[in-house]
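Let the sequences and hints guide you as you build the complete structure.
There are 4 protein chains.
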Amino acid sequence: SIVVPKITNENENKTNIFNNIVQPIIAELIGTTFFILIGLFGACNGDNKNSSLTAGFSFGFSLMILIASFGHMSGGHFNPAVTVGVLISGAIDLKKGLLYILMQLIGGSMAAGIFRLLSHTTTYQRCRGGATFLVTIQTPKEMGGIITDRINWWEGVCIELLLTFIFVTVILMVSINHKSKSNIASIYNGIALCVCIFASNKLTGGSLNPARSLGPAIFANVWSHHYIYWIGPLFGASLAGGFYRFIWSINDQNTFDNK
Amino acid sequence: SIVVPKITNENENKTNIFNNIVQPIIAELIGTTFFILIGLFGACNGDNKNSSLTAGFSFGFSLMILIASFGHMSGGHFNPAVTVGVLISGAIDLKKGLLYILMQLIGGSMAAGIFRLLSHTTTYQRCRGGATFLVTIQTPKEMGGIITDRINWWEGVCIELLLTFIFVTVILMVSINHKSKSNIASIYNGIALCVCIFASNKLTGGSLNPARSLGPAIFANVWSHHYIYWIGPLFGASLAGGFYRFIWSINDQNTFDNK
Amino acid sequence: SIVVPKITNENENKTNIFNNIVQPIIAELIGTTFFILIGLFGACNGDNKNSSLTAGFSFGFSLMILIASFGHMSGGHFNPAVTVGVLISGAIDLKKGLLYILMQLIGGSMAAGIFRLLSHTTTYQRCRGGATFLVTIQTPKEMGGIITDRINWWEGVCIELLLTFIFVTVILMVSINHKSKSNIASIYNGIALCVCIFASNKLTGGSLNPARSLGPAIFANVWSHHYIYWIGPLFGASLAGGFYRFIWSINDQNTFDNK
Amino acid sequence: SIVVPKITNENENKTNIFNNIVQPIIAELIGTTFFILIGLFGACNGDNKNSSLTAGFSFGFSLMILIASFGHMSGGHFNPAVTVGVLISGAIDLKKGLLYILMQLIGGSMAAGIFRLLSHTTTYQRCRGGATFLVTIQTPKEMGGIITDRINWWEGVCIELLLTFIFVTVILMVSINHKSKSNIASIYNGIALCVCIFASNKLTGGSLNPARSLGPAIFANVWSHHYIYWIGPLFGASLAGGFYRFIWSINDQNTFDNK
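Chains as they are written, first to last, in the working numbering: chain W, 8 to 266; chain U, 8 to 266; chain X, 8 to 266; chain F, 8 to 266.
Calculated from the structure, these hints are not laboratory results.
Accuracy of the hints is not assured; some may be wrong.
[Unchecked claim] Stretch by stretch, here's where chain W covers chain F in the computed footprint (C-beta under 8 Å, at least three residues):
hint : stretch
1    : 35-45
2    : 63-71
3    : 117-131
[Unchecked claim] DSS-like, lysine-lysine: derived pairs with alpha carbons at most 25 Å apart:
hint : chain 1 : residue 1 : chain 2 : residue 2
4    : F       : K186      : X       : K188
5    : F       : K186      : W       : K188
6    : U       : K188      : X       : K186
7    : X       : K188      : U       : K186
8    : W       : K186      : F       : K103
9    : U       : K188      : U       : K103
10   : X       : K186      : U       : K186
Treat the numbers as computed from the prediction; the structure is a model and nothing was measured.
Ideal Cβ positions, reconstructed from N, Cα and C, are used throughout, including at glycine.
In structure tokens form, the structure reads like this:
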């Protein structure tokens with residue numbers, strides 16, 4: 008009768024490894040692929056007039072439904088910047104976090120590859136394969152229409168950094184913080200991505216996510232200022248994790264220390 | 008006094024048959040009619056500039072409110088692909104599923120017939136009766152504007168397949184899976200349809216639903232590549248059902264086996 | 008000591024009359040005014056390109072927040088058609104219902120009056136004072152652009168009837184029906200109005216509400232086919248109330264009869 | 008052993024001061040900065056055709072996610088008008104309210120400064136630095152196109168006043184009133200701001216918030232009719248607070264008095 012519980016323990020171990028490592032990693036891989044695939048198709052649908060609204064709703068709402076579906080397995084990051092923020096906040100361990108980031112980068116590349124495969128060259132080139140780049144602003148007709156001006160690299164870094172800082176702060180507050188976490192966190196997270204893309208789509212393309220920028224860059228071969236989409240989001244997310252740890256959740260810690 | 012409980016049993020049987028078969032089938036019939044009717048009117052409202060946003064919100068939000076209204080009776084499928092996915096996931100029996108599919112096809116045709124009856128010929132023809140077809144892409148003016156290119160049949164199949172795969176996966180996760188089902192599943196399901204239509208409206212028309220494609224095809228007599236809207240969604244939904252059964256919910260099953 | 012409870016009873020009576028009659032009626036009056044005022048400003052904002060989306064979101068989201076705010080006092084009808092549907096479903100008594108309808112018509116007129124007062128003549132005339140009327144459809148340029156065609160009166164009646172039927176059915180199911188009522192009914196009700204206006208804005212103006220049509224008709228003096236906006240919504244809502252009573256909620260009644 | 012509880016009391020005092028004053032004030036400062044920053048970037052994204060929808064969704068959804076994130080610390084006002092309304096309703100004390108307003112004005116100015124720093128002059132000037140001003144209406148082409156007409160100062164005051172009245176009423180009802188407060192108040196508050204901006208964006212710019220108007224006015228040096236954005240919102244919010252206290256919540260008070 009000693010043998011039986013041992014086997015049970017092995018089964019439990021298997022189940023634990025499956026639940027704690029295998030399934031979360033598959034969820035991040037598939038979830039990121041789905042999330043970025045829907046977003047790329049939505050953002051590049053040839054509807055130039057509404058690009059900010061369509062891009063924002065496509066990526067944001069897509070994130071919302073995939074967090075609702077896969078969040079119970081992996082937390083539903085689908086974004087290396089989010090994983091970095093959660094790492095710094097202390098809610099995930101380093102090894103798992105690195106595996107997540109690897110899966111997200113593979114998922115984003117898979118999405119971009121499928122998008123290339125299923126897009127006509129005309130459509131694909133018009134939006135430069137869904138890649139993020141610094142937008143060239145043209146003076147509107149009623150003001151001359153001649154001067155064109157490009158977003159600077161440091162403006163791009165700051166915009167991506169600031170918006171990712173806000174985005175990851177919202178995620179940490181509604182998903183992890185004890186006093187404000189919500190059972191509809193997926194709704195808030197999705198809406199947060201919507202507005203951050205509304206804000207930045209016509210400036211930096213609205214990435215906030217290295218995995219969302221890397222994949223299309225590979226397949227469309229658009230590498231100009233690509234480093235912006237790594238430095239901005241990752242540094243913004245780190246700041247968000249730090250602020251969360253030392254300002255927003257200090258409240259919880261004080262409470263814990265007194266008890 | 009034996010007679011009285013017998014009558015009660017008969018009443019209970021009647022009530023059970025009504026609750027389990029008659030009412031669900033009426034709900035699928037009326038629900039699908041309402042869902043597709045609102046969607047067709049919204050997608051064909053002559054607002055060419057915003058067609059993706061308007062079509063997506065019309066079909067997606069319409070699905071949302073009708074699942075909220077009729078979901079407690081039938082589950083609120085309104086889509087043969089969803090019923091196939093739920094069948095494979097094991098949450099409905101075959102006989103009931105086939106009745107659902109029949110009702111959905113009749114409902115979609117009723118919606119398309121009412122839409123024909125209440126539309127002026129001008130409006131009706133402009134959007135080809137709300138039928139789904141492979142869109143012809145024109146090079147934008149700033150890139151020449153001459154080359155026109157049509158989505159291929161295999162691209163159409165893959166896009167419908169992939170998006171239905173994602174759509175049905177979300178439905179199964181938020182409505183059926185024990186660890187992730189939500190009391191606002193109707194919100195997630197509706198939003199999922201929104202984004203899938205944002206992504207595909209300018210390519211395949213964004214069907215994901217044979218009942219939504221069959222009805223308008225009948226009344227507008229648009230049959231070109233119609234098979235795409237059966238093969239893509241049904242195969243995508245089958246894949247989603249299989250993945251759900253063998254990957255996403257295996258977790259639940261392991262837990263059940265150990266207990 | 009008999010006197011004291013008597014006073015308490017009088018106070019209780021006063022409180023009851025206030026709670027049951029006075030406050031609900033004020034809530035319907037103010038709520039309808041707010042609802043239609045925001046809707047008129049939103050629908051007539053000179054943004055011709057997006058009129059369906061903007062009109063739908065303005066009226067629908069406005070309804071959503073006002074039901075959330077005033078629904079606990081009056082139920083949040085703000086629409087004679089909704090009150091008729093609820094009357095037939097049996098969830099409100101006739102006298103109170105008639106008072107509601109009176110308040111809604113006054114509220115709609117107040118909103119239209121304030122809208123006239125605060126609008127410039129240019130803007131006001133461009134959208135004909137926010138009045139609902141049968142839209143004239145013009146053949147698009149690429150199809151000739153010459154033929155113009157007006158929605159017929161019977162098409163208008165049918166569209167308003169059908170959409171109000173769906174709208175009121177959703178309201179009854181998510182707010183009143185025991186098996187499907189939801190604590191976020193205001194969300195579903197608002198979204199339901201959104202999609203019904205997406206569907207009909209370019210055809211009948213998307214009223215579904217005699218109070219929304221009466222007020223602007225008075226101040227802008229637009230009475231062409233005005234009867235459509237009474238017959239369609241009221242008949243559609245009556246059908247919804249009847250269907251609810253004899254088909255959708257029969258389930259509840261059977262259950263009740265057996266117990 | 009007397010010393011130990013004393014120290015504990017000191018710690019408790021520190022924790023209380025931190026929880027009751029320091030953290031709420033930081034939350035209002037950072038929250039207002041984030042809220043207005045996203046809103047300004049979204050409203051000025053060069054997407055002229057959809058300005059009402061994009062501006063409304065950017066400011067409204069941004070408010071929604073920041074209330075969800077910081078509301079548990081400070082209530083999530085981010086708007087001097089809201090703080091005035093809550094003050095009059097009696098749910099916050101004067102000293103704290105004044106500190107909130109100070110933080111909000113600083114936050115709005117920080118947002119406008121960051122926006123100036125990260126915007127190109129072309130984009131920045133096109134939307135006049137995101138400042139709110141009375142819009143000049145031009146007769147549409149099909150009606151002549153010559154007459155241009157500006158919103159009057161008193162129309163501007165009335166529109167801002169009325170919409171803030173509605174906005175703050177909704178906030179008080181869904182966040183504070185015992186009978187109607189909701190656990191998804193942040194959703195309703197965000198949607199309320201969306202529709203109020205849909206309604207007023209093409210007339211007054213849709214402020215409803217002195218902090219949102221002050222910051223951009225400072226950096227873009229646009230002061231024409233600036234007083235409107237203080238008088239309208241603050242007076243509207245005061246009315247909302249008064250109505251709430253003496254009409255909407257009297258119900259609660261009666262109930263309390265009887266018990």
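Results of checking the hints against the structure:
Coverage of the stretch 35-45 of chain F by chain W holds. Counting CB-CB distances below 8 Å, 3 residues qualify, and the rule asks for three or more. Coverage of a stretch by a chain is defined here by at least three residues with a beta carbon nearer than 8 Å to that chain's beta carbons; for the stretch 63-71 of chain F and chain W the count is 5, and the condition holds. By the rule of at least three residues with a Cβ nearer than 8 Å to a Cβ of chain W, the coverage given for the stretch 117-131 of chain F holds, with 7 such residues. Under the criterion of a C-alpha separation no larger than 25 Å, the hint pairing K186 (chain F) with K188 (chain X) is consistent with the structure, at around 18 Å.
This hinted pair checks out: K186 (chain F) and K188 (chain W) have alpha carbons roughly 23 Å apart, not beyond 25 Å. Proximity of K188 (chain U) to K186 (chain X) is assessed by CA-CA distance (about 18 Å); at most 25 Å being required, the pair is judged to hold. For the given pair, K188 (chain X) sits about 23 Å from K186 (chain U) by alpha-carbon distance, which is consistent with the 25 Å threshold. Proximity of K186 (chain W) to K103 (chain F) is assessed by CA-CA distance (about 21 Å); at most 25 Å being required, the pair is judged to hold.
With a CA separation close to 22 Å, the supplied pair K188 (chain U) and K103 (chain U) stays within the 25 Å bound. Proposed proximity of K186 (chain X) and K186 (chain U) is supported: the alpha carbons are some 23 Å apart, at most 25 Å.
Violated hints: none; the structure is consistent with every hint.
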